[in-house]
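Novice: Protein chains in written order, with the numbering used here: chain A, 386 to 645; chain B, 6 to 356.
One or more hints might be untrue.
Computed footprint of chain A on chain B, listed as stretches where at least three residues anywhere in the stretch have a Cβ under 8 Å from a Cβ of chain A [unchecked claim]:
| no. | stretch |
| --- | --- |
| 1 | 17-27 |
| 2 | 249-261 |
Only some residues are given here: those of chain B computed to face chain A with a beta carbon under 8 Å [stated by the list, open to error]:
| no. | residue |
| --- | --- |
| 3 | 51 |
| 4 | 57 |
| 5 | 82 |
| 6 | 84 |
| 7 | 331 |
If you are wondering where the hints come from, they were derived from the structure by calculation, not from laboratory data.
All C-beta atoms in this analysis are idealised placements derived from N, C-alpha and C, irrespective of residue type, glycine included.
Residue-level listing of the chains:
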Amino acid sequence: MSKPFFTVYCLIIYAFLLTPIAVVVIASFNAGAFLTFPPQGLSFRWYVVFFNNEVFMRAIRTSLWIAAVTMVISGIIGTTAAIFYVQYSGRLKEAVRIAMLAPLLLPEVLTAIALLFFVYSIGIGTQTMFGMIIGHVLITLPFVFINVSASMESYDPSWSMAAQSLGAGRFTRFRRIMLPLIKPGVIGGCLFAFIISFDIFTISFMLKNVGTSTLPIQLFDYLRTNFTPEAAAVSTCSIVLTLIVVVISEKMLGLRLHRF
Amino acid sequence: MTEVSIEKLTKDYGQGPAVNGISIRIAEGEFISLLGPSGCGKTTTLKMIAGFEDATEGAIRFDGRDVVHVPVEKRDIGMVFQNYALFPHMTVEKNLAFGLEMRKISKAEIRERITKVLDMVQLAGYAERYPRQLSGGQQQRVALARALVIEPKILLLDEPLANLDAKLREEMRVFIRDLQRRVGITTVYVTHDQAEAMTMSDRVVVMFGGRIAQIGTPSDIYERPSNLEVAEFVGQVNIIRGKVGSGTISTPFGNLPAAGAYADGTEIMLALRPEAVELLPVNSGTSGVPAKVRSSYYSGSLVDYRLDLADGATVNVQTFPRTRFADGDEVLIHAPVDRFWPLGPIRGTEA
Chain A
386 MSKPFFTVYC
396 LIIYAFLLTP
406 IAVVVIASFN
416 AGAFLTFPPQ
426 GLSFRWYVVF
436 FNNEVFMRAI
446 RTSLWIAAVT
456 MVISGIIGTT
466 AAIFYVQYSG
476 RLKEAVRIAM
486 LAPLLLPEVL
496 TAIALLFFVY
506 SIGIGTQTMF
516 GMIIGHVLIT
526 LPFVFINVSA
536 SMESYDPSWS
546 MAAQSLGAGR
556 FTRFRRIMLP
566 LIKPGVIGGC
576 LFAFIISFDI
586 FTISFMLKNV
596 GTSTLPIQLF
606 DYLRTNFTPE
616 AAAVSTCSIV
626 LTLIVVVISE
636 KMLGLRLHRF
Chain B
6 MTEVSIEKLT
16 KDYGQGPAVN
26 GISIRIAEGE
36 FISLLGPSGC
46 GKTTTLKMIA
56 GFEDATEGAI
66 RFDGRDVVHV
76 PVEKRDIGMV
86 FQNYALFPHM
96 TVEKNLAFGL
106 EMRKISKAEI
116 RERITKVLDM
126 VQLAGYAERY
136 PRQLSGGQQQ
146 RVALARALVI
156 EPKILLLDEP
166 LANLDAKLRE
176 EMRVFIRDLQ
186 RRVGITTVYV
196 THDQAEAMTM
206 SDRVVVMFGG
216 RIAQIGTPSD
226 IYERPSNLEV
236 AEFVGQVNII
246 RGKVGSGTIS
256 TPFGNLPAAG
266 AYADGTEIML
276 ALRPEAVELL
286 PVNSGTSGVP
296 AKVRSSYYSG
306 SLVDYRLDLA
316 DGATVNVQTF
326 PRTRFADGDE
336 VLIHAPVDRF
346 WPLGPIRGTE
356 A
């Protein structure tokens with residue numbers, strides 16, 4: 386492909402990806418009463434409405450809390466799984482990888498239905514957030530796994546051996562040698578887990594307990610009966626939040642985040 | 006200082022033994038090399054001494070105490086890895102401090118010991134550098150310092166010079182050997198390079214197929230190899246046929262006194278090193294076996310000759326290039342009787 390053609394090609398793709406986001410952001414500053422484009426006058430009024438809307442605020446807090454819990458659990462399971470996969474899985478390596486990535490390959494709605502059966506059959510049900518968190522962990526696990534395995538592939542096992550020969554036990558070797566050296570993958574994976582959990586709809590919708598709502602669910606509920614620019618304001622805040630996380634991770638980790 | 010005793014050590018991964026019942030006694034402060042081709046079991050043996058591999062059978066004793074069931078981190082060893090294995094996220098100083106911190110040594114003493122060991126490996130002033138800011142040879146010396154600073158019972162080196170270029174490798178040989186002598190630490194060195202093993206070691210253990218072929222000083226190994234395999238592995242060698250008869254061995258180079266108990270009529274192999282032979286001009290008036298120069302290779306300090314004998318055999322000879330012979334020249338080969346070493350009977354000729 387010639388260079389100018391390639392440039393144009395890229396621009397079209399970016400436009401295709403980013404236009405809807407731009408439309409939402411612009412629409413959120415609409416001064417009018419309805420979600421329309423182009424906006425009728427500019428104003429922050431819908432942001433004020435949004436920040437004073439206790440239902441949305443509660444949904445955001447719930448989403449952040451679930452994303453944080455999911456990130457921690459996914460981070461621990463995904464990291465240990467990646468260490469096992471790279472160093473100890475031996476002939477089972479390919480099987481372990483496919484098993485770990487399976488949640489990515491299945492349609493989310495199938496996973497959600499299966500989990501719904503599962504939580505009821507083992508008696509957890511949907512009275513607590515437990516089932517929903519299981520679902521979020523399941524979906525975000527592959528992202529932690531991929532990131533940490535990428536870091537682990539460049540981890541030289543002789544570093545651990547050297548530490549061991551110098552007198553370091555299992556836990557010290559992990560804390561002082563391995564963890565600092567695979568940190569970029571662990572942090573990158575955890576941030577992915579956080580962002581994706583914040584965004585999950587189908588699983589949350591099926592497994593949420595009565596009375597709680599995550600932000601995506603609350604937004605969906607709201608749009609069924611209302612059509613004000615407040616929805617765009619909510620979306621914009623959500624986009625900004627994601628963007629902040631991405632920028633922080635880029636600043637901290639640079640391009641290593643994209644190594645897989 | 007520690008005496009190490011390895012007794013009937015065996016490692017079997019399930020497809021036949023990788024190390025097969027070897028026994029070595031290593032004296033206090035001795036430098037021992039395990040020498041052999043890849044897959045001979047030398048690295049597996051080292052890993053068992055270190056504790057990274059469990060022994061299937063046998064004992065490893067440090068000063069009489071069996072350490073087979075002691076985990077690596079409690080064995081008190083210093084190990085240098087082929088790729089150095091320096092911690093990339095720590096400075097030289099932090100790398101060196103790691104083992105000392107594991108031993109709960111005070112901050113002041115850690116600082117003192119690091120200064121001393123950096124001096125010893127000639128890297129004073131490099132404490133704040135990261136491994137990636139050092140050359141291969143410098144990283145090698147940090148790895149050595151890291152292994153020695155904890156004052157371990159025994160120093161283990163796994164092909165530590167394999168990743169260095171030829172000139173640096175020779176410098177490091179001398180450096181490691183001098184350092185080991187000064188510290189006086191019992192050392193096991195694994196290598197597949199016979200020159201390395203010979204120049205550095207007090208004794209060399211030659212291994213093939215999981216067994217010890219010979220243990221001896223470098224000159225034992227080179228001049229008095231126990232069999233053909235050892236003779237060929239530690240350097241170039243000419244195999245001369247000899248026939249035993251009434252107390253002598255007759256060879257194309259004359260008769261030798263029969264060493265060892267061979268029955269009359271047995272044909273045996275004799276090892277003759279290429280540099281043990283002198284080449285003389287035909288008209289020099291001395292006795293010798295006539296031969297013809299087929300080809301020669303000049304390498305500065307030495308010339309390598311391929312010679313054809315009258316009976317069609319080929320002999321390799323290395324000499325100093327004082328008198329040069331051209332291809333096709335007739336020469337006399339003079340080989341002192343005491344430079345032939347019997348390697349055993351040629352199979353099927355035992356009488």
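Novice: A separate judgement is required for each hint: does it hold in the structure or not?
Specialist: So, going through the hints one by one against the coordinates:
Chain A is given as covering the stretch 17-27 of chain B, and this is violated because 0 residues of the stretch bring a CB closer than 8 Å to a CB of that chain, at least three being needed. Only residues whose beta carbon comes within less than 8 Å of a beta carbon in chain A count, and the stretch 249-261 of chain B has 0; fewer than three means the coverage is violated. Among the interface hints, the one on residue 51 (chain B) is violated; its C-beta lies about 11 Å from the nearest C-beta in chain A, farther than the 8 Å criterion. Nearest Cβ of chain A to the Cβ of residue 57 (chain B): about 6 Å, under the 8 Å cut. The hint holds.
Annotation: interface hint on residue 82 (chain B) holds; nearest CB of chain A at approximately 6 Å, less than 8 Å. The restraint placing residue 84 (chain B) at the interface with chain A holds, with a minimum CB-CB distance near 4 Å, inside the 8 Å limit. Hint status for residue 331 (chain B): violated, given a least beta-carbon distance of 53 Å to chain A, over 8 Å.
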